[in-house]
Amino acid sequence: MQVSVGILGASGFVGGELLRLLAAHPALRPTRLFGDSQAGLSVDHVHPHLALAYPHLKIEQMHARAPEVDLVFAALPQGHSQRLAPAILESGTAFVDLGADFRLRDPEAYAHWYGERHQAPELLDRFVYGIPELHRDAIRCSRSVAAAGCYPTAVILALKPLVEAGLIDPGSIAVDASSGVSGAGRAAKEATAFNTVAESLTAYGLVNHRHTAEMEASLGETLIFTPHLAPMNRGILATCYAKAARPMTPEKPLDVLRAAYADEPFVHVTDRPPATKWTLGSNAVQVTARYDERTGRVLAISALDNLVKGAAGQMIQCANLMLGLEETAGLPLCGVYP
1 MQVSVGILGA SGFVGGELLR LLAAHPALRP TRLFGDSQAG LSVDHVHPHL ALAYPHLKIE
61 QMHARAPEVD LVFAALPQGH SQRLAPAILE SGTAFVDLGA DFRLRDPEAY AHWYGERHQA
121 PELLDRFVYG IPELHRDAIR CSRSVAAAGC YPTAVILALK PLVEAGLIDP GSIAVDASSG
181 VSGAGRAAKE ATAFNTVAES LTAYGLVNHR HTAEMEASLG ETLIFTPHLA PMNRGILATC
241 YAKAARPMTP EKPLDVLRAA YADEPFVHVT DRPPATKWTL GSNAVQVTAR YDERTGRVLA
301 ISALDNLVKG AAGQMIQCAN LMLGLEETAG LPLCGVYP
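Just so we're aligned: 281 in the numbering used here is position 281 of the sequence shown, and the numbers increase by one with no gaps anywhere.
No lab work stands behind these hints: they were computed from the structure.
The C-beta atom is built at its ideal place from N, Cα and C for all residues, glycine as well.
Treat the hints with caution; some may be incorrect.
Pair ranges (Cβ atoms, derived) [as the list claims (entries may be wrong)]:
1) R294 - F194: 37 to 45 angstroms
2) R294 - G185: 36 to 44 angstroms
3) P77 - L206: 19 to 27 angstroms
4) P107 - K243: 39 to 47 angstroms
5) S42 - K243: 52 to 60 angstroms
6) T328 - A275: 17 to 25 angstroms
7) Y204 - A109: 16 to 24 angstroms
8) D137 - L206: 31 to 39 angstroms
9) L201 - E326: 36 to 44 angstroms
10) Q61 - D176: 37 to 45 angstroms
11) A109 - P170: 14 to 22 angstroms
12) G296 - D176: 26 to 34 angstroms
13) F194 - T295: 36 to 44 angstroms
When you get a sec, could you build the whole thing from the sequences and use the hints?
Structure, rendered in structure tokens:
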């Protein structure tokens with residue numbers, strides 16, 4: 001089985017990561033690449049590390065028509081997919097969108113968190129939220145998936161089993177998460193320049209970061225989320241705290257995670273504090289959890305690569321399910337170390 005793939009936003013970091021992973025995929029073949037800022041340039045010019053894998057492909061100008069391919073991946077800034085989705089869905093093409101445009105079911109919630117009215121609210125119900133570990137069956141039956149964001153993936157996978165097991169007191173969750181600079185995208189910005197980021201750790205998006213909405217929708221809990229920009233290229237480390245609903249053994253949260261993810265190919269439950277370097281370049285998530293008897297709180301920690309499981313890898317994992325392929329096809333289980 002050979003599947004032709006079009007990538008919208010192919011010139012960005014996520015587009016490059018999609019191309020890197022697809023170079024080793026047994027079935028998905030990139031044939032059309034789109035990106036306005038680099039239109040007309042070859043892949044080896046935009047992504048030199050991919051030169052040997054794609055010697056003949058070029059980046060094309062994006063347009064409103066659905067590309068003539070079997071599968072579309074969209075890695076575009078927020079707002080763009082709303083304009084392109086109608087034509088793609090009308091064509092019947094399988095569609096995996098990484099943007100935030102179709103992750104929230106409520107258009108009013110979208111307007112609240114993103115500060116603008118949704119342009120295609122009638123399409124919201126046609127998208128499945130894309131975390132395969134939670135919505136595998138729905139993704140298999142869908143032709144359009146809104147892949148989850150990188151921060152929400154890390155937080156939701158760390159906390160969802162604990163919430164469902166009734167270990168956490170409702171409304172008590174607080175999350176601190178740090179991301180590598182690649183999460184801010186490829187465009188040059190003062191806030192992500194080397195001199196700004198090197199040897200510095202800073203918080204941003206205080207109180208109202210947009211990814212909070214995804215976390216609350218999936219967990220069914222209100223929470224406070226504070227993201228941080230870390231001086232590294234890749235990775236997310238999410239540290240989550242909550243009041244315990246009842247006393248328990250220190251290992252009870254870890255046992256719940258182990259039971260929940262025992263059959264998951266990309267989630268490793270560890271009794272050690274996970275590190276982002278463990279997941280570098282892989283589609284893996286490393287998670288751990290504890291109950292602190294002294295404070296009566298539950299602690300959960302997760303680590304992942306924001307460009308793989310937090311973006312391109314998650315998109316491919318969803319596409320594999322949608323197309324009836326092996327879920328793990330083309331996705332690395334192991335990180336790169338050192």
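A range of 14 to 22 angstroms was offered for this pair. Does it hold for the Cβ distance of A109 and P170? Because 19 angstroms falls inside the window, the suggested range holds.
Given a hint of 52 to 60 angstroms, does the C-beta separation of S42 and K243 actually sit inside it? holds (55 angstroms)
So the hint says 19 to 27 angstroms: do the beta-carbon atoms of P77 and L206 match that? Roughly 22 angstroms apart at Cβ, these two residues keep to the hinted range, so it holds.
Outcome for the supplied range 17 to 25 angstroms, where the beta carbon pair is T328 and A275: Holds - the Cβ-Cβ distance for T328 and A275, about 23 angstroms, lies within 17 to 25 angstroms.
Supplied distance hint 37 to 45 angstroms, evaluated on CB atoms of R294 and F194: holds (41 angstroms)
Could you check the hint for me, namely that R294 and G185 are 36 to 44 angstroms apart, CB to CB? holds (41 angstroms)
Taking the beta carbons of F194 and T295, is their distance inside 36 to 44 angstroms? holds (39 angstroms)
Do the beta carbons of D137 and L206 sit within 31 to 39 angstroms of each other? Holds - the Cβ-Cβ distance for D137 and L206, about 37 angstroms, lies within 31 to 39 angstroms.
Does the Cβ-Cβ separation between G296 and D176 fall within 26 to 34 angstroms? This hint is violated: roughly 19 angstroms between Cβ atoms.
Mind checking the hinted window 39 to 47 angstroms against the Cβ distance between P107 and K243? Hint violated: Cβ distance 33 angstroms, outside 39 to 47 angstroms.
Could you see if the CB distance from Y204 to A109 stays within 16 to 24 angstroms? holds (22 angstroms)
E326 and L201 - C-beta distance against the hinted 36 to 44 angstroms: holds (39 angstroms)
Hints 4 and 12 from the earlier list are contradicted by this structure; the remaining hints agree with it.
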